[in-house]
Each structure stands twice: as C-alpha cells, then as structure tokens.
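Asks: Sequence:
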Amino acid sequence: MGERVQIKLGGRTLSVPLYRDMDTTIGIAKLVSKRLQEIEKTSPRIDTQAFALEAAMSFAIDAAESQTNSEEDGREMLLQMDTLSKEIAELIREYRPDTKIS
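Position one of the sequence shown corresponds to residue 1388 (my numbering), numbered consecutively onward.
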C-alpha cells in the first residue's frame, strides 16, 4: 500500500499514506483540518464523524469538478489545435500551391 506517515488531523494522530512527499502530505492535512474547522463552526452540535464525512464529500466534489474542468479544457484545446491546423494548411496552400497536405 506504500509508505505511511503520522499526521495530526482533527485533534487525532492518524497514519495516512504519504502523497508525493512529506511537505505535500502535510499541506493536504492542513487543508483537511481547515475544512473540518469551517464545518465545525457552522454546526450547532458536535459530531466528529459527520464532520469528517462532510469534509470528505466536499473534497470529492472539488475533485470531480476539477476533473470535469480539466476534460473541458482538453476538449477546448483540441478544438483550437484543429482550427490552427486548418489555418496553417490553408496558408501553405496559398503560398505553396504545389505542396500536398494530408
């Protein structure tokens, strides 16, 4: 399963998988802690499990949105590259009519 490290998260010490390196893993833990604190501030009662699940859901939504945006950006880039390719081919035909373009 890979290397694991001890991280303090939500007032508890947990063994979590190392992601890339220690600094990155600690940075992610800080983001999770911050999100948990934000959720705790808005809740009228203390429910650690519910807070953790809400934070997990929030991060999962962020990841899904990021993937969707990345896919949309990729499609847009391909369309722009296709347009550019057609424009280059047209310029070649205009200035070098003897050149075959596939």
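FYI, nobody ran anything at the bench for these hints, they're computed from the structure.
Take these hints with a grain of salt, some might be off.
Said to hold, decoys possible - Straight-line Cα separation of at most 20 angstroms, PhoX-like style, residue types lysine-lysine; simulated pairs:
#1 1428 x 1417
#2 1395 x 1421
#3 1395 x 1417
Claimed, not checked - Per label pair, the in silico range of CB-to-CB distance:
#4 1402 x 1434: 22 to 32 angstroms
#5 1402 x 1468: 41 to 51 angstroms
#6 1400 x 1458: 36 to 46 angstroms
#7 1432 x 1407: 44 to 54 angstroms
#8 1481 x 1390: 36 to 46 angstroms
Just so it is clear, CB atoms sit at the ideal spot from N, CA and C, and this is done for glycine as well.
Asks: All hints, please: hold or fail.
Replies: Comparing the hints with the structure gives:
no.	hint	in the structure
1	1428 x 1417	holds (17 angstroms)
2	1395 x 1421	holds (12 angstroms)
3	1395 x 1417	holds (9 angstroms)
4	1402 x 1434: 22 to 32 angstroms	holds (23 angstroms)
5	1402 x 1468: 41 to 51 angstroms	holds (45 angstroms)
6	1400 x 1458: 36 to 46 angstroms	holds (37 angstroms)
7	1432 x 1407: 44 to 54 angstroms	violated (36 angstroms)
8	1481 x 1390: 36 to 46 angstroms	violated (59 angstroms)
When held up to the earlier numbered hints, the structure conflicts with 7 and 8 and fits the remainder.
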